[in-house]
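Knowing the structure of chain A, use the given hints to seat chain B on it.
Protein chains in written order, with this note's numbering: chain A, 1 to 240; chain B, 1 to 123.
Nothing false has been slipped in among the hints.
Derived DSS-like pairs: lysine-lysine, alpha-carbon spacing no greater than 30 Å straight-line:
1. B/51 - A/5
2. A/211 - A/109
3. B/57 - A/5
4. A/5 - B/110
To spell it out: a stretch of chain B is covered by chain A in this simulated footprint if at least three of its residues, at any positions, have a beta carbon under 8 Å from a beta carbon of chain A; those stretches are:
5. 14-20
6. 32-41
7. 57-68
Not everything, but these chain A residues come out facing chain B in the computed CB check (under 7 Å):
8. 15
9. 16
10. 20
11. 22
12. 24
13. 25
14. 27
15. 31
Think of the hints as simulated: they come from the structure by calculation, not from any bench.
All residues carry an ideal CB built from backbone N, CA and C; glycine is no exception.
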Amino acid sequence: MRKEKWQVFIIGGLCFLTAASICVQYRSAQSYITKSDVSVQSMSENKLRDNVLKEQENNKKLSNELQSKLDELENLRKTTASNSEEAQALETQLTELNRLLGYTDVKGKGLVITLQDADASTNGYTNDNLVHDLDLVDIVNELFNAGAEAVSINDQRITTSTAINCNGNVVRINNEKVSVPFVIKAIGSPEGLYGTMTRPGGYLSLMENGKIKIKVEKKEELTVSKFNGTHQYKYMEIAE
Amino acid sequence: MIYLTIIICSILGILLGMNLPTISYSYSGYLAIAIIAALDSVFGGITSVLKKNFDIKIFVSGFFGNAILAMLLTYLGEKLNVDIYLAAVIVFVGRMFTNLSIIRRFYIEKWSKKFEEKKKKMS
Chain A
1 MRKEKWQVFI IGGLCFLTAA SICVQYRSAQ SYITKSDVSV QSMSENKLRD NVLKEQENNK
61 KLSNELQSKL DELENLRKTT ASNSEEAQAL ETQLTELNRL LGYTDVKGKG LVITLQDADA
121 STNGYTNDNL VHDLDLVDIV NELFNAGAEA VSINDQRITT STAINCNGNV VRINNEKVSV
181 PFVIKAIGSP EGLYGTMTRP GGYLSLMENG KIKIKVEKKE ELTVSKFNGT HQYKYMEIAE
Chain B
1 MIYLTIIICS ILGILLGMNL PTISYSYSGY LAIAIIAALD SVFGGITSVL KKNFDIKIFV
61 SGFFGNAILA MLLTYLGEKL NVDIYLAAVI VFVGRMFTNL SIIRRFYIEK WSKKFEEKKK
121 KMS
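So here's chain A without its partners, still in its complex pose (with noise of 0.2 Å):
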């Protein structure tokens, strides 16, 4: 009897253990999910990423009817203009403002300039070895300043209504968000191009004191894809 006494109380011992445990694990558990959201964000992030892949799915298909369409009408222009010729005088000279508005594809020589952050040293990112917004806004200045004819940064044409801004990590043209690396194409002399760009005390050769990696290539012949956006205008006027 005696020793059955002794056994109870270690067996309530255990139990008290048990169910003390089994609460603290219970509250721990519900303050994971209410607190810090384990399952609770991932469930919602994982809808968000669903909700982003269909999204762009759309957008692609829509894009590409945009690209049919836009083909019909070429067509449809060009059929229409082969019957007079002050129609095909039109003709030439629409595609001669979409090519300066920068609606279409151009071709031929340039330079294509290369620029990725700098690897991260010791002392952490700082600002000069990052690629910012306003050394886009400089680049671009120069390159035009150099004679380019045509100049697009990630496939994004520079045209007459293009703002390149700061959008955090990323930079934003055309109001897209495009990153590093930075691919910037110039249509234009190579020799003349890469002369400016490369000439010490440019702004590249500042850049690359900041560890900047920087490439600089000519081409003999590179594609430089057309402006997606629309120039809208609101308030100008022609002036008589």
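Same frame as chain A, but now just chain B:
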């Protein structure tokens, strides 16, 4: 007597657990596997009581030994990037079901015997 002790101690344990601080996420896996091992030991203990070969030394050593082994396996699995704790869960839960079925059988047989005896007395 023994069931009363178990119930009272469990309630006390729950009361204590309510007031203890919660543990961090990285350690909760260990506590969870230890709880499974402990529950397995409890069911094993009840079964051995019914079979009348209950030994407190085996019970206590199994309670702590299984829990510690399960936690060590979980730790090893984390280091080796294998979910070894799943194996522990399967073994423990499987044993819990076996023990539960033994307990169930025991009580059902006991009750049905009582029922039949009553029937005999009535007739």
